[in-house]
Each structure stands twice: as C-alpha cells, then as structure tokens.
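Build the full structure now, drawing on both the sequences and the hints.
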Amino acid sequence: MINTANGTISTSSSSANAQSPGLKTYFKTPEGRYKLHYEKTHPSSLLHYAHGKTVTQSGCQVTLAHLKEKPAPSTPTSSSSSYSASSGVRSAAARWLGAGNGSRTLGFAGGNGGSKSISSTSRIGSLGASSSSNSITNTNFDGKGTYLIFNDPIKSINFSNSNPICHAFDQDAKDGHDLLIGLNSGDVYSVSLRQQLQDVGKKLVGAQHYNKDGSLPILYILVISRSRCTGIAWVPGSDGVFVNKEGAGDSSFPVVKDQTQFSVSHARYSKVPSNPMARWHVCQGSINSIAFSHDGAYLATVGRDVQAICEFLTIQKNSLYVVAKVIMVLYYVALGGALMDGKYILTGGEDDLVQVWSMEDRKVVAWGEGHNSWVSGVAFDSYWSSPNSDGTGETVMYRFGSVGQDTQLLLWDLEMDEIVVPLRRCPPGGSPTYSTGSQSSHWDNISPLGTLQPAPSIRDVPKVSPLVAHRVHNEPLSGLIFTQESVLTVCREGHIKIWMRPGVGESHSSNSETVLSNSLKDKPFVSSKIGSSSYKQ
Amino acid sequence: MGAAGSKLEKALGDQFPEGERYFGLENFGNTCYCNSVLQALYFCVPFREQLLEYYSSNKNGVDAEDNLLTCLADLFTQISSQKKKTGVIAPKRFVQRLKKQNELFRSYMHQDAHEFLNFLLNELVDILEKEAQAAKNDAETSSPSEKTANGPKNPQANGVKKEPLVTWVHKNFQGILTNETRCLRCETVTARDETFFDLSLDIEQNSSITSCLKNFSSTETLNAEDKFFCDKCCSLQEAQKRMKIKKPPHILVIHLKRFKYIEQLGRYKKLSYRVVFPLELKLSNTMEDADLEYSLFAVVVHVGSGPNHGHYVSLVKSHNHWLFFDDENVEMIDESAVQTFFGSAQEFSSNTDHGYILFYESLGAGNKS
Numbered sequence: 001m002i003n004t005a006n007g008t009i010s011t012s013s014s015s016a017n018a019q020s021p022g023l024k025t026y027f028k029t030p031e032g033r034y035k036l037h038y039e040k041t042h043p044s045s046l047l048h049y050a051h052g053k054t055v056t057q058s059g060c061q062v063t064l065a066h067l068k069e070k071p072a073p074s075t076p077t078s079s080s081s082s083y084s085a086s087s088g089v090r091s092a093a094a095r096w097l098g099a100g101n102g103s104r105t106l107g108f109a110g111g112n113g114g115s116k117s118i119s120s121t122s123r124i125g126s127l128g129a130s131s132s133s134n135s136i137t138n139t140n141f142d143g144k145g146t147y148l149i150f151n152d153p154i155k156s157i158n159f160s161n162s163n164p165i166c167h168a169f170d171q172d173a174k175d176g177h178d179l180l181i182g183l184n185s186g187d188v189y190s191v192s193l194r195q196q197l198q199d200v201g202k203k204l205v206g207a208q209h210y211n212k213d214g215s216l217p218i219l220y221i222l223v224i225s226r227s228r229c230t231g232i233a234w235v236p237g238s239d240g241v242f243v244n245k246e247g248a249g250d251s252s253f254p255v256v257k258d259q260t261q262f263s264v265s266h267a268r269y270s271k272v273p274s275n276p277m278a279r280w281h282v283c284q285g286s287i288n289s290i291a292f293s294h295d296g297a298y299l300a301t302v303g304r305d306v307q308a309i310c311e312f313l314t315i316q317k318n319s320l321y322v323v324a325k326v327i328m329v330l331y332y333v334a335l336g337g338a339l340m341d342g343k344y345i346l347t348g349g350e351d352d353l354v355q356v357w358s359m360e361d362r363k364v365v366a367w368g369e370g371h372n373s374w375v376s377g378v379a380f381d382s383y384w385s386s387p388n389s390d391g392t393g394e395t396v397m398y399r400f401g402s403v404g405q406d407t408q409l410l411l412w413d414l415e416m417d418e419i420v421v422p423l424r425r426c427p428p429g430g431s432p433t434y435s436t437g438s439q440s441s442h443w444d445n446i447s448p449l450g451t452l453q454p455a456p457s458i459r460d461v462p463k464v465s466p467l468v469a470h471r472v473h474n475e476p477l478s479g480l481i482f483t484q485e486s487v488l489t490v491c492r493e494g495h496i497k498i499w500m501r502p503g504v505g506e507s508h509s510s511n512s513e514t515v516l517s518n519s520l521k522d523k524p525f526v527s528s529k530i531g532s533s534s535y536k537q
Numbered sequence: 001m002g003a004a005g006s007k008l009e010k011a012l013g014d015q016f017p018e019g020e021r022y023f024g025l026e027n028f029g030n031t032c033y034c035n036s037v038l039q040a041l042y043f044c045v046p047f048r049e050q051l052l053e054y055y056s057s058n059k060n061g062v063d064a065e066d067n068l069l070t071c072l073a074d075l076f077t078q079i080s081s082q083k084k085k086t087g088v089i090a091p092k093r094f095v096q097r098l099k100k101q102n103e104l105f106r107s108y109m110h111q112d113a114h115e116f117l118n119f120l121l122n123e124l125v126d127i128l129e130k131e132a133q134a135a136k137n138d139a140e141t142s143s144p145s146e147k148t149a150n151g152p153k154n155p156q157a158n159g160v161k162k163e164p165l166v167t168w169v170h171k172n173f174q175g176i177l178t179n180e181t182r183c184l185r186c187e188t189v190t191a192r193d194e195t196f197f198d199l200s201l202d203i204e205q206n207s208s209i210t211s212c213l214k215n216f217s218s219t220e221t222l223n224a225e226d227k228f229f230c231d232k233c234c235s236l237q238e239a240q241k242r243m244k245i246k247k248p249p250h251i252l253v254i255h256l257k258r259f260k261y262i263e264q265l266g267r268y269k270k271l272s273y274r275v276v277f278p279l280e281l282k283l284s285n286t287m288e289d290a291d292l293e294y295s296l297f298a299v300v301v302h303v304g305s306g307p308n309h310g311h312y313v314s315l316v317k318s319h320n321h322w323l324f325f326d327d328e329n330v331e332m333i334d335e336s337a338v339q340t341f342f343g344s345a346q347e348f349s350s351n352t353d354h355g356y357i358l359f360y361e362s363l364g365a366g367n368k369s
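Sequence order for the protein chains is Z and Y.
Residue 334 in UniProt numbering sits at position 334 of the first sequence; the count goes up by one each step and never skips.
Residue 77 in UniProt numbering sits at position 77 of the second sequence; the count goes up by one each step and never skips.
Worth flagging that the hints you see were computed from the coordinates, not collected in a lab.
Where hints are given, some of them may not hold.
To be verified - Derived Cβ-Cβ restraints for the label pairs, each shown as a range:
hint: 1; chain 1: Y; residue 1: Tyr268; chain 2: Z; residue 2: Lys24; range: 31 to 39 angstroms
hint: 2; chain 1: Y; residue 1: Thr188; chain 2: Z; residue 2: Glu369; range: 23 to 31 angstroms
hint: 3; chain 1: Z; residue 1: Met397; chain 2: Y; residue 2: Tyr268; range: 45 to 53 angstroms
hint: 4; chain 1: Z; residue 1: Ser465; chain 2: Y; residue 2: Arg192; range: 28 to 36 angstroms
Unchecked claim - Computed footprint of chain Y on chain Z, listed as stretches where at least three residues anywhere in the stretch have a Cβ under 8 angstroms from a Cβ of chain Y:
hint: 5; segment: 350–360
hint: 6; segment: 364–375
hint: 7; segment: 397–407
hint: 8; segment: 468–481
To be verified - Sample of chain Y residues lacking proximity to chain Z, with all beta carbon distances greater than 10 angstroms (derived):
hint: 9; residue: Ala11
hint: 10; residue: Leu104
hint: 11; residue: Glu194
hint: 12; residue: His309
This one's a predicted model, so the numbers in the text were calculated from it and none came from an experiment.
By construction, the Cβ of each residue, glycine as well, lies at the ideal position given by its N, Cα and C atoms.
Here is the structure:
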C-alpha cells in the first residue's frame, strides 16, 4: 500500500530510466533471469548531498526485519497467501542513511535455508551521502505484505544534533522495542519498529534514549569509539545483558595491551543493572562494526586495524558476566561479511577481493577476484539451492553475492567438499585455481584455539571466479540482501532495486489489489504519479 | 595568518606533535601546483630528514651556486626551524629558482603538479649526481685544470662506463619496472628494466587503485601496426607484453591520469572519475612473492573542472593527524574526509576536488637498499 496520506513513498520515479542509462533491467544466471521488479529512487532535485567538504562516507544500511505478529491497521489487505503470509511474518527492510564512517561493516546472516527467517540482522553499510535527516518510510513493495522501511530526505526524523549511522533489529525483542539506532554522537535510541510503521512521521515514536543515563537493561551491544556510536547489535539469546564496548580509551577500564587478546573488563557489577554493563577493548583504532552470530556464540568486530571473530567462552543468560576471546583475526576485511551456518564467513574489502573464511580452520579457504573496486557488501544466498543438490553429493554448494563500489553485483558459486578435503592447496607461486578435487592434501597447522594466524598469503589459497557480474546501479553500491523471492541491492545514494528471482515474477499474476503492486508490476519503471506527487519537503 | 595558526594549534591542543611545524605556503600567482607538492614532500619524513641532513652537512663546505636542491633544502630548513609551530612561509627563493631553471614554469599559467614533481625529482637527482661525480673527480684526478663547475659532462665522455649512482632521492622514490615481452612465435621472453619515480595510471570510472594497478600490469598484445622486433626471430612478430614491478620503491607515488587528450575535442579534458584509494594499500603486482603494504601519507588534490585552470591543495598525514594544506591555510581534517576526494561516481557533479597524486610509504620494516 502506498502511504499517500503520509506522503512518504517514492516509487520508481519518472526519471528512473534516465537515471540509469545503459543499465539493463535483468541479468542472467544459470537458473534463469533475475528481473528488475522495483526501483526506489530519489528525484535528483532532492539529492542535496554535499559531495564537497562535508564528510560523505556513511552507511546506507538496509536491514531486513521480520515482524512476527500482524502489524497494525496500516497493513494493506493482503489477500494473497504465497508470500510468507502463512506464517504471519512480515518483513520489512529498514534503512538509515546518515553520516559517519561506516566504511567497514560486518554482519552475520543467521539461519540456514529458506524456511527460517533471518533472525539476526544482516547489516550492510557503505559509503553514502551525508544527511542530517533521517526518516522511516514504509512501503508495501510487493503488495503482499512485505515492507520496505527507509529514510529519505523528504520526510525525515530529525535527530537534532547528530546523524544515525547504524541500527539493529531484533524480532525477538521482549519489550517491544526491537530496533536500535546508533548516532554519530554516541547516543542510542531504541524504538518499536511496529509502532513506527503505524506512525510515519518526523518523530520517533516512544523511543528510549540510551547512553546518556541509560538504566534499563536491554538486549544490545553497542560500539562506541571516539565518542561515536559506530556499531550496534543485539546480543542474541541473552536477556538483560547490555554490553557497551569502547574502542577508545576510558580510564575506568583497563586497556588491552596485547592486541591478540580480546579482553573483557566486566564492570559495573551490581544488583541493579546499569549501563554499560561491560566494556571491551579490542583495538587501538576505532571499531566500525560489530555483529553476533545468530547463536550468540561468536562476535565479529571490524575496526580500522583489527578485524576479529571472537568466541564467547562464557555467555550466561540473565547474567552480567561475559567473557570473550579472539579466535580469528580477519585480514584486509573492510566492508562486509556474513556467516553461513556457522561454517564460513564471507568478507569483502578494500583490496577488491571477496574472501571466504572457515570458522573451523580459522583461515581463508577461498577468495574471489572480479570487482574493480572495493567490495562493500557480501551475503550468502541462503534461499538458493544447488540444482543438483539431492543430498547425496560429496560437496556442498553455496551461492553468495557481493556488491562493490564499482556499481556491480557479482554472484558466486562456491563448492565446498564437505567429506574429503575442502579445497586443494596450491603450491606457492603457481596460479591458484579452484578445484573440488580430492587430489590433495594436508591441512597443516590448524591452529589451536586462541592463537592468531599471521596474515595469510592469498597466493596459496584457491581462487573462485564470479558466476555473474552485472552493473546494477550508477552509484557505488552499499549493500545487498537475499530474500526468498528476490535480491535487493542498495547504492550509497539510497536507491534500492529489487531483482525478482527467476520464475517468481511470472508466478505472481498482476491481479493484486494493491496499488503499488499494480504500478510496479505493470509499469515497473514508468512514472508513478502517486509516488512523485507525494514528495514533500 | 596568526589567527589561522592559533586555530590549528588550538585544534591540536596538547596533541601537537613535538618538533613538528605546520606552515602554509604563500602563493605567488598560480603556484599552488608547487605548494601542494612541496607540502607532500615536506611530510614525506624520510625524504625531509635526508634533505635536511644533506643541507646541514653541505652548507659548511663549498658555498656553491644556488640550485633547486639548495633552495628546497633551504625552504625545508626554514620551515623546520621556525620558532612558531604554525604560520605562513613564502617559498620565494625556491619559486624564483624554479622559474629561472625551467621556462615551462615561468608563466603565471596553471601548471601541472605532476609535471612539477617529476621535474623536481629529476633535477634533484641530476644535481646530486653531478656533485658526486665532481667529488669523485676531485678525489681521483685532483687536477686543478678541470673546473668542476663547467665540466660535469667530461667524465662521462672519457669514462668507460657510467655507473648509475644511487642517491638518497633514489633510495626513497625509485622503483624498477620490468617490461616483459614474449614473442608469440619463438616464445622468447625479453625483459627490460626501467626505473621510475612514480607510476602514472590510466583510470576508469568507479574503480580502485588496486584495479588501476592491475590494469597497468595486465598483459597487452602487440600486433598489427604495433609488432615487436624479436631479436631471436630477427623480424617483427606478434608479442605479449606486460609490466611488473620488480623493485617496489620505498615511497610509492601514484599519478592518476586525470587529464586526458580527447582527439575529437583537440584538447585535454579532466576525468572526474571516482577512483577509490585506500589508506592502506596492498601492492600485489610485484615480482616478489609477498604482498607489500603501503600507507597513504599525502594526496595532491586537483580542484576544478578543467586541466587549464583550477587549484591544487594537498592532504597530509602527520603523526596520525590529517591536515589540509591550501596555500597559506592549514587546517586539521578528519581521516574520514579523505574519501571526499575520491571523485565523482557520475559525470556531472558539483564535486570537483579529486585526488591526483597519491603518496604511499612502505610499511615493510625489512626495507632493502
């Protein structure tokens, strides 16, 4: 449903094609064509992003959020059932645009298989424009109950003195406050996404303001470095643990001397929980992003100088006691990451490469070359299943995607030999080629827990080539998300494109009652008057 | 001037690095190309230190004629020995000398910062080589008949071989490229080494330095009009050619070819492409096995839409702070501001401040030579 009353939606603008010269509206994969289904753009007149002296690096984040219960009367009459309606799950994508230095983010994508909804957020951050405004807009982008929530310069929530630079969503939040927003200033708000959906306006509805004199124990961790809140995440499965991590020095907590040890100074241990409950020191530089694995056993941090995966040795529910330890340091990880069924981590970075890390072996097991610029977002496609995956094969196929500052979306297939030896080790100096063969070999020096590997030479690691390389936007990309029906790409300017999976588009007939669905299905890229007329300053 | 200085001092507070000086440079009419490069060189610490050392050890000796080297050394000494921590200095002597030396820079036209850097480094090397040669001649021949001042060419004329001298300028900036050409008929690989002070890279829209370096080292086929004369086949043959970095320099200077000659227009055009450059660069197109790591410490930025006008400023990293030098103005900036100089993702953009020359210093502790 288009929320015209609130005047907040922007569907494909009339200039969509003009804005995307030379861009195709589909791309081919072995399983078929992915078609551009929806495009959200800003009219250029409203893009007053200062490219000049102001800091433009920021996170244009997209989060897929699944609201469990039926949200609110603002829901359209979604008569159709196929779209996850059976479970009553609503999904929403939330995005905050703001300034900051979200150049490096990392996210865990929890869950495996399409049956499970993403329970932790997959954070994607990137370069972006700076904007002091922030808004939540919702749109039912497929007419089937899926929500897109994003901010744009048109209708905005104003944080008077600061910009939002990170956010996190937790569908299992107990107190209804499921969304956390971290600001440039270090302030943290928690809000109810559901409530916010009902009242799309310039204000945060019923928000809790933290990190000023926060006193309620709530479920999240936030990273503050150099007084800026640069990363935020919920602590999965923990109830009442509020962890506050600082990268910059604070005299009341000891600073870690040995960088290979991630130490936790558990603090403020009192009967009445107060925030922050613990502060951790990870590295000297600022931490740009953190994320938990969906089971809460691992924490990933991405900083200017150290990128690490930490394992929680002790994480007790309803306790204030948390101990973690670095188990792996990721090198050259800059921009994105995702975790797949606890086995592999994807990263992308400023060396234009995509890397696959094994949680078990704690090192790079494959890398991919194909981007012509920095990789800003990576994600496993957990909904994709290999055409010949009958469960009897010796290998497991993974599909993952990456987006970069080169405006390209790349899809990759990764075959992992699960039974014999994962991958062949190439002799140094030789050109590494990807092989699934078992003609090898030894996994030497699998490191014991707790020790850190030196920076690996990538020349010894198998290389994979992209399956598809497609230029999807005109602007550098900032993130991608896989959903059951589609692939969602976002560029740093905040344009969102939704690419329907092969077969999905056709199966939906255009008999949908919802306005947006019609306008998108029939004329996906043609001007929507409703959309364009709804812009308000 | 004083106000600006105190502002910077205030911004840095007690974090002001000890012994460091941040001085703006006065503009003598379109000399920003010069100022921006001089600032980058001044904050190239190994270069500065060696220049100051050279100056202090040489000024006691023969009071030779002014040259660009002495003028530069004099300027750097002036800056570093200032009582105040910040302020403005007029690089008058240096600019005068530069204009005297090279008519290219004599006019008040807008000049190319890269051309200036190139000219300066080569000039410095020339001067050092001449001095070394003269010293050698003095020591060896000790014949007073040969006046060193006007006879620098002579030793080469009768010298059997000209041994390339490795000066401290070389040690900082010089790298070696290997140009490998493989004849497609006889498969013979001909390798030719060439030295460089900087790498000039072709750029593409929405690319990275890593990608530009990869293209620079990519294999190119020589055919048709452009065949290769193979010594073994004794004829023109099709061949494959590629450039690799044989010896990476300690200071890696990367010049982005933003000024491109457009034949249809009959003139140069500025490419505003967005080319991202990392603060830490991994150099992988080398002959060596391990990747080399570099850290960005200076960026010369071209401001403006065309090649014949505009402005140059520089960004400099000093003691973990980033500073913005715009002629006489010096400001502190956030590290994250560096990325505003990447370029424009689309052609028409109001942003015209683009990184043009990048200065990287090798992080490798085990630096050979």
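| field | 28 to 36 angstroms as the expected CB spacing between Arg192 of chain Y and Ser465 of chain Z, which holds or is violated | value | holds (32 angstroms)
| field | Claimed clearance of chain Z by Ala11 of chain Y, with the beta carbon kept past 10 angstroms | value | Since the minimum Cβ distance to chain Z is about 15 angstroms, Ala11 of chain Y lies beyond 10 angstroms and the statement holds.
| Outcome of range test on Cβ distance (Met397 of chain Z, Tyr268 of chain Y; 45 to 53 angstroms) | holds (50 angstroms)
| query | For the segment 468–481 of chain Z, do three or more residues have a beta carbon lying closer than 8 angstroms to a beta carbon of chain Y? | reply | Satisfied; 3 residues make the cut.
| Taking the minimum C-beta separation from His309 of chain Y to chain Z, is that value above 10 angstroms? | Holds, since 18 angstroms exceeds 10 angstroms.
| message | Is 23 to 31 angstroms respected by the C-beta to C-beta distance linking Thr188 of chain Y and Glu369 of chain Z? | response | holds (30 angstroms)
| query | With a Cβ-Cβ cutoff of 8 angstroms, does the segment 364–375 of chain Z contain at least three residues near chain Y? | reply | holds (count 4)
| query | Are all C-beta atoms of chain Z more than 10 angstroms from that of Glu194 of chain Y? | reply | holds (24 angstroms)
| task | Closer than 8 angstroms, Cβ to Cβ, for at least three residues: run that test on the segment 350–360 of chain Z against chain Y and report holds or violated. | result | holds (count 3)
| request: Over 10 angstroms to the closest beta carbon of chain Z is the bar; see if Leu104 of chain Y clears it. | output: holds (31 angstroms)
| message | When I compare C-beta atoms, does the segment 397–407 of chain Z have three or more residues closer than 8 angstroms to chain Y? | response | holds (count 3)
| query | Can the suggested window of 31 to 39 angstroms be confirmed for the beta-carbon pair Tyr268 of chain Y and Lys24 of chain Z? | reply | holds (33 angstroms)
The structure meets every hint from the earlier list without exception.
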